[in-house]
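Engineer: Each chain, written out:
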Amino acid sequence: MALSILLVVCFLANISLGSVYIPLNDVFNSLMGNATEQETWQHIIRNYRLPKAITAILVGSGLGISGLLMQTLFRNPLAGPFVLGISSGASLGVALVILGSSVFGGVFALFLISKWSIVIAASLGSFLVLLAVLMVSLKVRDTMAILIIGLMFASITSAIVSVLSYFGSAQQLQQYIFWGFGSLGNLSWDELLIFFIIYSIGLMVSLASVKSLNTMLLGENYAKSLGLNIKRSRFAIIMATSLLAGTITAFAGPIAFIGLAIPHLTRQVFNSSNHKILLPAVFLFGGIVMLICDSIAQVPNSDYTLPINAITSLVGAPVVIWLLVRKRKMVF
Amino acid sequence: MAIGYASKKERVVVASNINIELCKGELVGLVGVNGVGKSTLLRTLTNVQNGLGGDIFINDKNIKHYAALDLAKVLSLVLTEQLMSKNLSVFEIVALGRQPYTNWVGNLSENDLTIINTAIIQTNISDLKHKRCFELSDGQLQKVMIARALAQDTDLIILDEPTTHLDIYHKVYTLKLLQKLAKETNKTILFSSHEIDLAIQLCDKLIVMTPNQVVSDMPCNLILNGTFKSLFPEDLIAFDEKTGSFRVKK
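Taken in sequence, the protein lines are chains A and R.
Residue numbers for the first sequence follow numbering that gives the first Met the number 0, beginning at 0 and rising by one.
Residue numbers for the second sequence follow numbering that gives the first Met the number 0, beginning at 0 and rising by one.
To be clear, the hints were calculated from the coordinates, so they are not data collected in a lab.
Accuracy of the hints is not assured; some may be wrong.
Output of the computed footprint for chain R on chain A, the stretches with three or more beta carbons under 8 Å from beta carbons of chain R [what the hints assert, rightly or not]:
#: 1; segment: 225 to 238
#: 2; segment: 267 to 279
The calculated lysine to aspartate or glutamate pairs, modelled on EDC-like cross-linking and capped at a C-alpha distance of 20 Å, are [as the list claims (entries may be wrong)]:
#: 3; chain 1: A; residue 1: Lys223; chain 2: R; residue 2: Glu25
#: 4; chain 1: R; residue 1: Lys72; chain 2: R; residue 2: Glu183
#: 5; chain 1: A; residue 1: Lys223; chain 2: R; residue 2: Asp154
#: 6; chain 1: A; residue 1: Lys223; chain 2: R; residue 2: Asp69
#: 7; chain 1: A; residue 1: Lys230; chain 2: R; residue 2: Asp152
#: 8; chain 1: R; residue 1: Lys85; chain 2: A; residue 2: Asp302
#: 9; chain 1: R; residue 1: Lys23; chain 2: R; residue 2: Asp152
#: 10; chain 1: A; residue 1: Lys223; chain 2: R; residue 2: Glu80
It should be emphasised that the depicted structure is a prediction, and the values quoted were computed from it without experimental measurement.
Even for Gly, the Cβ is constructed at its ideal location relative to N, Cα and C.
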């Protein structure tokens, strides 16, 4: 409950802060649909800051939840949303578009590099890797083998990216690196709608998996003896993760750290392993942390915008370290 | 029934001509030398792996014809494997035994709570209810896992070596608890064990596995017809029929 209020507060704070100073009551006015003192303020709030804040919540909560799913599925505290190679798949797609243009011809490239082409390339890349992992997950009996296979996919794709980088020009490399920084802004309402729809499906599947996740806490054989269909539950969990992490990477770039750290943060604070508690809590924590990180990345009242990927780690890592050291006992 | 492993290339028959019948309210021990196929038998009985021939019936219904969820309502397990999350509370673990009966989010009904609490009382772990698993000793954890199986409310409970890692007192405690539960709840309880002398004293029936045959009978009959004498290689230990236990050869 307190967390939901905190989420709303962070949401409002995030909208109020930015490179242009906008008084608080004007922020409210434009959110409520009333006129503001300056026409541009309303434009900034409605078409820039509001979609960005919503994106931050979706990204933070989605990555947190997929991290939680992976950690439970793989019984591994080091697992995160990207262990199955989803972000590597997306990176490969984007790298092919940005860097591959020198390989595939220049004229073609100018036409290709638009925002949507990057989103589509990232989605396609993560989708293909996901498809491969899902097929493997239906064949392989041992869950740990899926983890290793995911890691292998990741190294194959990153190897291809390295080769592409070697041939890429300096400008292309810079563009690719900038994509890798992650970005919450620049999403139009149309894009946000598509993002939201896919995100919601992923969230729904995660919610439906709560019971099987809890059963899995006993270990796979016990779960089976309780009548759980392991392969089907595993499929659903991987599906949910891919939908969440896949769209997030497509629209916001490979955002690190949040997916790994938020579940740990939540477990430490709530001291529980029950997914009925953890899932909503991770949702709220993810949203809050992402909003805070984004507010910091904006560097209020200045023109700089720092890479969000750097901020999440810089702010988040010390918090997790502090929590683990203070408690002395890791909850998992 | 025959058990073992079948692959495309070959069939490895671990044991064959197995004919066992278990009745309600019976505590049954499964004993045999290491590697004779106790685990294979249990894995086959619990439908974790397929048998090589023959059928298994629970309540007159072939185990193959049970849906996974229905099987979970007639057969529960206590395994040797480690729990994945040691952070669960004792109550939460026992409550997970109700998973086959709960709705899609796993909410517990009044009836579920009653059954969980009964299981907790029957296994004497009321005082541990709110402890977390990493705080428990091996003996306590074993009781919790038995409570979880009880909460699953099945006619048959199968335990894989429930007495390993326990001291002699807790071995007896656990087996006595199983004996009491079988009588009180009229469930069939089958466990595998290396504690042959304890099993002889406490079980209603014993299944003795040797490489050549699988016999099941009451412990006193098995002693009389000398089944235990041939259980192990005879160079180191011998079975003493008077005390019903094994002695080291001097």
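Engineer: Among all the numbered hints in the text so far, which are the ones the structure does not match?
Structural biologist: 3, 7 and 8
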